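Dock chains X, Z and V against chain S, hints included.
4 protein chains.
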Amino acid sequence: MHKPWEGRFKERTEEFVERFTQSVSFDKELAFYDIRQSIAHVKTLLKAGILKEEEAKKIIDGLEEIERDIREGRFHFKVELEDVHMNVEGELIDRIGELGGKLHTARSRNDQVATDEKLYIKEKTVNLLGLLKGLRKTLVLLSERSLDLVLPSYTHLQRAQPIRLAHYWLAYREMFLEDERRFIRAYQSSDALPLGSGAVAGLDFPLDRFYTAEELGFRRLCRNSMQATADRDFILDVLYACAVCGMHLSRLSEDLILWSSEEFGFVDLPDRLCTGSSIMPQKKNPDVLELIRGKTGRLYGNLIALMVVLKGLPMAYNRDLQEDKEPLFDSLRTLEGCLMGMNLVLEGLSLRAENMLRASGGFSLMTDLANYLVQRGVPFREAHRIAGSITAYLLEREKRPEDLTLDELRSFSELYEEDALLLLDPKVVADRRRTYGGTAKDELLRSIEVAKREEGMA
Amino acid sequence: MHKPWEGRFKERTEEFVERFTQSVSFDKELAFYDIRQSIAHVKTLLKAGILKEEEAKKIIDGLEEIERDIREGRFHFKVELEDVHMNVEGELIDRIGELGGKLHTARSRNDQVATDEKLYIKEKTVNLLGLLKGLRKTLVLLSERSLDLVLPSYTHLQRAQPIRLAHYWLAYREMFLEDERRFIRAYQSSDALPLGSGAVAGLDFPLDRFYTAEELGFRRLCRNSMQATADRDFILDVLYACAVCGMHLSRLSEDLILWSSEEFGFVDLPDRLCTGSSIMPQKKNPDVLELIRGKTGRLYGNLIALMVVLKGLPMAYNRDLQEDKEPLFDSLRTLEGCLMGMNLVLEGLSLRAENMLRASGGFSLMTDLANYLVQRGVPFREAHRIAGSITAYLLEREKRPEDLTLDELRSFSELYEEDALLLLDPKVVADRRRTYGGTAKDELLRSIEVAKREEGMA
Amino acid sequence: MHKPWEGRFKERTEEFVERFTQSVSFDKELAFYDIRQSIAHVKTLLKAGILKEEEAKKIIDGLEEIERDIREGRFHFKVELEDVHMNVEGELIDRIGELGGKLHTARSRNDQVATDEKLYIKEKTVNLLGLLKGLRKTLVLLSERSLDLVLPSYTHLQRAQPIRLAHYWLAYREMFLEDERRFIRAYQSSDALPLGSGAVAGLDFPLDRFYTAEELGFRRLCRNSMQATADRDFILDVLYACAVCGMHLSRLSEDLILWSSEEFGFVDLPDRLCTGSSIMPQKKNPDVLELIRGKTGRLYGNLIALMVVLKGLPMAYNRDLQEDKEPLFDSLRTLEGCLMGMNLVLEGLSLRAENMLRASGGFSLMTDLANYLVQRGVPFREAHRIAGSITAYLLEREKRPEDLTLDELRSFSELYEEDALLLLDPKVVADRRRTYGGTAKDELLRSIEVAKREEGMA
Amino acid sequence: MHKPWEGRFKERTEEFVERFTQSVSFDKELAFYDIRQSIAHVKTLLKAGILKEEEAKKIIDGLEEIERDIREGRFHFKVELEDVHMNVEGELIDRIGELGGKLHTARSRNDQVATDEKLYIKEKTVNLLGLLKGLRKTLVLLSERSLDLVLPSYTHLQRAQPIRLAHYWLAYREMFLEDERRFIRAYQSSDALPLGSGAVAGLDFPLDRFYTAEELGFRRLCRNSMQATADRDFILDVLYACAVCGMHLSRLSEDLILWSSEEFGFVDLPDRLCTGSSIMPQKKNPDVLELIRGKTGRLYGNLIALMVVLKGLPMAYNRDLQEDKEPLFDSLRTLEGCLMGMNLVLEGLSLRAENMLRASGGFSLMTDLANYLVQRGVPFREAHRIAGSITAYLLEREKRPEDLTLDELRSFSELYEEDALLLLDPKVVADRRRTYGGTAKDELLRSIEVAKREEGMA
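One line per chain: the protein sequences are S, X, Z and V, in this order. Heads up: the first sequence at position 296 corresponds to 301 in the numbering used here, and the numbers run straight through without jumps. Heads up: the second sequence at position 181 corresponds to 186 in the numbering used here, and the numbers run straight through without jumps. Heads up: the third sequence at position 105 corresponds to 110 in the numbering used here, and the numbers run straight through without jumps. Heads up: the fourth sequence at position 12 corresponds to 17 in the numbering used here, and the numbers run straight through without jumps.
Next up, chain S with everything else stripped away, as it sits in the complex (with noise of 0.2 Å):
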């Protein structure tokens, strides 16, 4: 097995320096991407008459045969071969002879390496843009589904104010959608066609990048040779982009979690997604939520290592950067299998209705009561002192807002009247939040009818 730079070495790799150095093992995950560019690549060469019809036929021919070959798990990959690229060009020396020796013309594994993990992000990315708008469209649903649930929604994992269900699980949508655009811009970071660039200065072969470019589907060219072999920032977009989706699902996951515990029972899970302990016969726990926060770690992680791997590199390619791949396959795969379980989640959900309004009641509803006063003129900061001595008042006395007679009220301000007590019951209270993005049910009937508009639901 020859290594396709030997010519100036005179002794042979030391084995342990081949297994330590190879990439194939994780980079053939790049396979068909790799041949996908060699195939543009011909016929770049091609056009560029350095290469013949029949030369680029047969190595066009070869390459097919071989992606064949790896569709259908016949192909084995050589670790003396170091990488995918050396893989694919040594079988297809061995297939077709000398002729592949010429497919390398005018490129060095610099830009090859970039141009294939562009390639593979920006399908991998369409598919996440995918997933994410399912689970956007799943959390459309559910508002709709839970438009007339009542629950409180919490500060500091307090109760803080009655709010409809929906407008929970339109919070949450706006994130997703804001991940979205993350991603696009992701995408749009590993639009531009490294090759062309060859190994660090450019190319002395009279090549059409644009015609790669459009061969490839690329809508733009690196514009610097250097640039496109040193650096990774497209992948970086991608990781953080990845690292703050996940971070979403952990706070929703972390909701859904506090949700589905005895002390809350606001949802249930339903059997096919839980799991049971191997010693407590009555658990059946969130697993699969609790491993969805828990990625967060390795989405987080992934980030800074290749973080730290760029910090004060030098330019341009250094080989530290082959420590780029298994952070970004990992990352992309890991919130794939964390957006699926959470839609999964989501759509098997039991919502507890009465549970979630019976805790929304209660001292939830003290705001309304200052509001009440305010709204009559007294200064705010006024009101919220005396809805606060209402509070201690029912608090020593250990009752509840709801056994609040008008005499009481009355006793705290004159202006407290009739229409004050039903301020008592948390529907109507949800309701007067009316303005722009509030959690009145009207507002809320427009936010949905916007979301599924924009998600072509409607």
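Hints in this document: simulated from the structure, not taken from any laboratory. Treat the hints with caution; some may be incorrect.
[Claimed, not checked] Over 10 Å on every C-beta distance to chain X, these chain Z residues come out as not near it, computed from the model: (1) Glu19; (2) Glu59; (3) Asp66; (4) Asp74; (5) Glu87; (6) Glu295; (7) Leu308; (8) Leu362; (9) Gly366; (10) Ser394; (11) Glu401; (12) Arg402; (13) Leu426; (14) Glu459.
[Said to hold, decoys possible] No more than 30 Å apart at the CA atoms, straight line, and that leaves these computed lysine-lysine pairs for DSS-like: (15) V/Lys457 with S/Lys142; (16) V/Lys446 with S/Lys33; (17) X/Lys446 with S/Lys52; (18) X/Lys432 with S/Lys52; (19) Z/Lys127 with V/Lys15; (20) Z/Lys432 with V/Lys52; (21) V/Lys142 with Z/Lys48; (22) S/Lys142 with S/Lys432; (23) Z/Lys446 with Z/Lys457; (24) S/Lys15 with X/Lys404; (25) Z/Lys33 with X/Lys83; (26) S/Lys48 with X/Lys446; (27) S/Lys8 with S/Lys63; (28) V/Lys83 with S/Lys83; (29) X/Lys48 with X/Lys62; (30) V/Lys33 with S/Lys83; (31) X/Lys8 with S/Lys404; (32) V/Lys15 with Z/Lys404; (33) X/Lys33 with Z/Lys52; (34) X/Lys8 with X/Lys52; (35) S/Lys15 with V/Lys142; (36) V/Lys138 with Z/Lys52; (37) X/Lys15 with X/Lys63.
If you're wondering where the values come from, they're calculated on a predicted model, not measured in any experiment. Even for Gly, the Cβ is constructed at its ideal location relative to N, Cα and C.
Chains X, Z and V in isolation, oriented as in the chain S frame:
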């Protein structure tokens, strides 16, 4: 000193708790944005009929007076008042009396603080975009100055192929151009108004949030009150943009530190930008560059810090979010300093053309000896092997490529002709890289032209 | 104002560079340690015959005067003098004349700063160890107080098995005990003296470094002058210990935040440790706990920040290392606050025994119904399956285990006898966990006994 | 295929959930430890009278058979069985029938998995300690070999003072010695037995945990069953030790990469440890060193990943903890490779004495020209200023210190005598650094002596 929320409380806050939970020692950085927001809020209350013309005027006058006092260093922030919001409001009440208590009507600190932060980010980001543009312009000017300087490009920190120095600066310009896109994205994340979302659920006052947005220069509204108060992704986007930009600066610093070593000797830093040693009289250290490189650490740390805060946080606002400010302020300040420092360094750099040229010959020329054969029909792999053998031949004899005679060349391949010897001049070789994005002089002239147009320098 | 190194420089330092590279704005925190070190250094110079008795006395007097002035807030640190070392030295020269210039003999800022940092860490670490011990004592006292309180333990945030509350506090005590070991390890890392290593290569003055170490209370010497000045691992060890301890505090905070929610209702925080809402009059928020949880972010961020600084840094001292100080100061200060805050919270906690007990019955008892069978010869897997079926049976009928009759039990297995019904009492069940480290009362009494002995509380 | 917990479940687990939650694809790495543990557990059950002699024997035989099959590659792990524990147990039941169901008596996967992990860590850590020792020995041997090689030490990547090369290797040895302490600390964290803690609360079977510990070679018991099952700090300690050690390797790599550049030319790597370029025939790249440097990224990433998982996790076991394994396995494997790689590189290094010596003269000698004056009574600051002026004088004339005549010297200070000229020889200068830990030959001989004794090499 009254707490704004003390109504229901029966004990005084423990002093330690006051100190531990206060944020005014750092969030006073937001004071001007807070006041600007309050004025817009007052106008919105006026428009909604919640305040009367005269009330609004008095409050606004009071706020403007306070702003003036802060600007002139006459304002004393009090830790007992927790944060910048309560400091301003408390002072307002002290100055204009009970009427000041109406300022907080229809607002919570939850929507207030997010609004302050976004105003702050939008202003600071615009500033950073200006510094980034300045740095890119400096790189373009440097490119023009160094078009005729040839030096080796490096991969694996080994000399690779000769390039024109302009090519190197333009590579970094590309990276800083991508940073611009990241900061614009961060700006856009901050361009949605939270105010009007209340504590979590929206407001039961008829506020025209679109009007407020216009007053404050926001292009969009937050569309969901929970998301508006619970989300800090807009800060993550800033921290991420800072981290990646800092990483670019760390790479450029590393290169310049190497180049200013005695061993490379490619550049000289002016005395005014260096510091010396307290013990070694000869030392002139590139401290600015080292610090820029080192500060990548804190930029990464700040990003990870907030990502950790957000992981697994339940909805909606939690006090953990207070930990968002110090990383934000620190990253923006740090990057600002780094950009200014790098700009100064680049402007002050002396380029040592002779040392560069001397280093760019030798074995960096071997690729072209291979490609020479390719262009005469030898398959690339074979040509590469031949050039590898020439390398081995020279190394054994301790000779350099420049020493090669035509006869020696032809002993490796008959295809070498007289013109092959031209390839032993680095400038000639550099100018052979004519592909789009390559280092040939014509191509660089075109790239500089484009860059100048894009930067508005033409 | 003269720079200590200006001899070879021909230009004044650019003002921006002065500001950008200065460290005195934060390293003045090291002033007392710097002076203590200088006094020991002077004594060493005296012992080596480099200073005369009278000279040494004058310098020491001058240093002590400066220390007094700093302590009393009369010292003005100057940014132009870069750092704390040059500020002290500059002031010394101003006060005692040219003789002050002898202080820096046989010393570099490179060995000096590492020595300051280690002195600082050793003192702060001892302080933290005290706070940690205090927290553990509080946990032991809480254990005694809550020996008879039974609550459910949770896995997957689902009720698992009843435990005595003491068991829970002791679990955290174990973690904080491990933290002690981490801080002791960090202390030991800092217990090797760098002073006497010079800038990098050692010194050409006959200093007795063992004497200096004794004067300053170091147990060991750094054994290699390059490592002494280039290594910051001793700071990493502190930052790591802080990060892990902070993580423990974040977990405890999370539990207590959950427990103080209306849904759990297991604990109450006293008013004096909570803060309210600016808008919701009823709110009493566990801000201290939320902030402790949130501050994990910065503790992690500080660790990662310095790790990033050190990655790939060539030997020996580089200015990047100046970035070590702010994370160090911040982490120590942060953790100190968190430990104090958590201690206050634990001391102030009201325990709501009734709510705990109510939650600890029900399905948490199912494991014991399985083990009952195992102890009567049924293979564990079979017994587990039977108890699982009982669970399903109860859930279908919306009944709880406590409602089970003996007949019902026996319909699942004939092996159940009268005494099986005893297993429906959480206290009984808790006290069955008698293995070493289990939650049975006797075992807890033993554990508390051990803990008191270890903490010196007996 | 039955789930071990399916008793209470009414739906089949969704296939996606099976795949998403399974861990057997990676935790099979723990298989041997799991079986070793199970055997010890069976013996403990036997001792407690829970199993009969014959039962125990059959189970142990079955387990040993399974171990053999795994070792010989005949075992097929099944994803439907979730994890390594259930795969082994399931297979056992298949082989020995219902009796196999008794294996899980008095054990939960929660205490089981923590025990597996600790057994694994203890074994792997011992292995790493051996590799670390090997690397330190190589450094000591290199020190002996390179005692007479003089090169410049660098600070700020500027030449600082001449040192003997041995001094440099010994600096790194000190760092790797500290790593030993970190790994020993990590080992100790893993040296407390979790088994016998059950799922969370301890066990209601009379197990002798001390006996189990002895069987498995644990020095301590986990003293609290909640902490035993909820804590993963022992893994953090490993990941931290790996990260710091990796950072040391990244620094050493950076130096060696610099030194093997054409510009420095201090070392040569043997062909067998380098790889070439697919396009540049002359390239011989230090890939092993670059990869070692780059792998710091993943070592940091793994640490941060688990830290994030643990942040804010409530007590006790949560499924998030499953995310602890892949970072652990990866960090151990990665560091193992890096240590082996670095050792190979150091053993294979050619040292280019002449280039080193050439670089070590010149301005690196200026400190000693200053100290010469100090030793003749000039205050240090004044002497430093004089040597600075000499530097400026030489730079202006483009001369080097070696060119100085006595007359020139005396024009700066009358105190210079003939012997000052001796200071212009780097070896002489290096040997003047005689303080403990300095670079003088005698001191290095002593240090090497100590090192050899400590490493057992004498």
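Hints, verified against the model:
Against chain X, the non-interface label of Z/Glu19 is violated: not every CB pair exceeds 10 Å, the least being about 5 Å. Here Z/Glu59 stays apart from chain X, with its beta-carbon at least about 25 Å from theirs, past the 10 Å limit. With a closest Cβ-Cβ approach of about 23 Å to chain X, Z/Asp66 is found to remain outside the 10 Å limit, as its non-interface label requires. The Cβ of Z/Asp74 lies farther than 10 Å from every Cβ of chain X, with a closest approach of about 23 Å, so its non-interface assignment holds.
The Cβ of Z/Glu87 does not lie farther than 10 Å from every Cβ of chain X; its closest approach is about 7 Å, which violates its non-interface assignment. The Cβ of Z/Glu295 does not lie farther than 10 Å from every Cβ of chain X; its closest approach is about 4 Å, which violates its non-interface assignment. Look at Z/Leu308: its CB is around 8 Å from the nearest CB on chain X, not clear of 10 Å, so calling it non-interface is violated. Here Z/Leu362 stays apart from chain X, with its beta-carbon at least about 26 Å from theirs, past the 10 Å limit.
Every CB of chain X is more than 10 Å from the CB of Z/Gly366 (nearest about 27 Å), matching its label as outside the interface. Annotated as non-interface, Z/Ser394 keeps its C-beta farther than 10 Å from every C-beta of chain X; the closest such distance is 35 Å. The beta carbon of Z/Glu401 is kept farther than 10 Å from every beta carbon of chain X, the shortest such distance being approximately 32 Å. The non-interface label for Z/Arg402 is consistent with chain X: the shortest C-beta to C-beta separation is roughly 33 Å, beyond 10 Å.
Once the 10 Å rule is applied to beta carbons, Z/Leu426 is consistent with being away from chain X; the minimum gap is 39 Å. For Z/Glu459, the requirement that its beta carbon stay farther than 10 Å from each beta carbon of chain X is met, with the minimum near 27 Å. With a C-alpha separation of about 68 Å, the suggested pair V/Lys457 and S/Lys142 falls outside the 30 Å cut-off, and the hint is violated. Between V/Lys446 and S/Lys33 the CA atoms are separated by roughly 52 Å; this puts the pair beyond 30 Å, and the hint is violated.
Under the criterion of a C-alpha separation no larger than 30 Å, the hint pairing X/Lys446 with S/Lys52 is consistent with the structure, at around 24 Å. At roughly 28 Å between alpha-carbon atoms, X/Lys432 and S/Lys52 fall within 30 Å of each other, so this suggested pair holds. Only pairs whose Cα atoms come within 30 Å are accepted, and Z/Lys127 paired with V/Lys15 is rejected, the gap being roughly 60 Å. For the hint pairing Z/Lys432 with V/Lys52, the CA-to-CA distance comes to about 28 Å; that is within 30 Å, so the pair holds.
Only pairs whose Cα atoms come within 30 Å are accepted, and V/Lys142 paired with Z/Lys48 is rejected, the gap being roughly 38 Å. Straight-line distance between C-alpha atoms of S/Lys142 and S/Lys432 comes to about 26 Å, which keeps the hinted pair within the 30 Å bound. Between Z/Lys446 and Z/Lys457, the direct Cα distance comes to roughly 16 Å. Compliance with the 30 Å bound is thereby established for this hinted pair. In summary, the hint linking S/Lys15 to X/Lys404 is supported, as the alpha carbons are separated by about 17 Å, within the 30 Å threshold.
Under the criterion of a C-alpha separation no larger than 30 Å, the hint pairing Z/Lys33 with X/Lys83 is consistent with the structure, at around 25 Å. For the hint pairing S/Lys48 with X/Lys446, the CA-to-CA distance comes to about 27 Å; that is within 30 Å, so the pair holds. Simply put, S/Lys8 and S/Lys63 have alpha-carbon atoms about 23 Å apart, close enough for the 30 Å limit, and the pair holds. Note on V/Lys83 and S/Lys83: the hinted pairing holds, with a Cα-Cα distance of about 28 Å set against a maximum of 30 Å.
In summary, the hint linking X/Lys48 to X/Lys62 is supported, as the alpha carbons are separated by about 9 Å, within the 30 Å threshold. For the proposed pair V/Lys33 and S/Lys83, the alpha carbon gap of about 25 Å is at most 30 Å, so the pair holds. A threshold of 30 Å between alpha carbons decides the hint, and for X/Lys8 with S/Lys404 the separation of about 25 Å falls inside it, so the pair holds. Only pairs whose Cα atoms come within 30 Å are accepted, and V/Lys15 paired with Z/Lys404 is accepted, the gap being roughly 17 Å.
Annotation: proposed proximity of X/Lys33 to Z/Lys52 is violated, straight-line Cα distance about 52 Å (limit 30 Å). Between X/Lys8 and X/Lys52, the direct Cα distance comes to roughly 29 Å. Compliance with the 30 Å bound is thereby established for this hinted pair. Distance hint between S/Lys15 and V/Lys142 is fulfilled; the C-alpha atoms sit about 29 Å from each other, no more than 30 Å. Proposed proximity of V/Lys138 and Z/Lys52 is contradicted: the alpha carbons are some 39 Å apart, above 30 Å.
Of the supplied pair hints, the one linking X/Lys15 and X/Lys63 is violated, its CA atoms being roughly 34 Å apart against a limit of 30 Å.
Violation of the numbered hints given earlier is confined to hints 1, 5, 6, 7, 15, 16, 19, 21, 33, 36 and 37; the remaining hints are satisfied by the structure.
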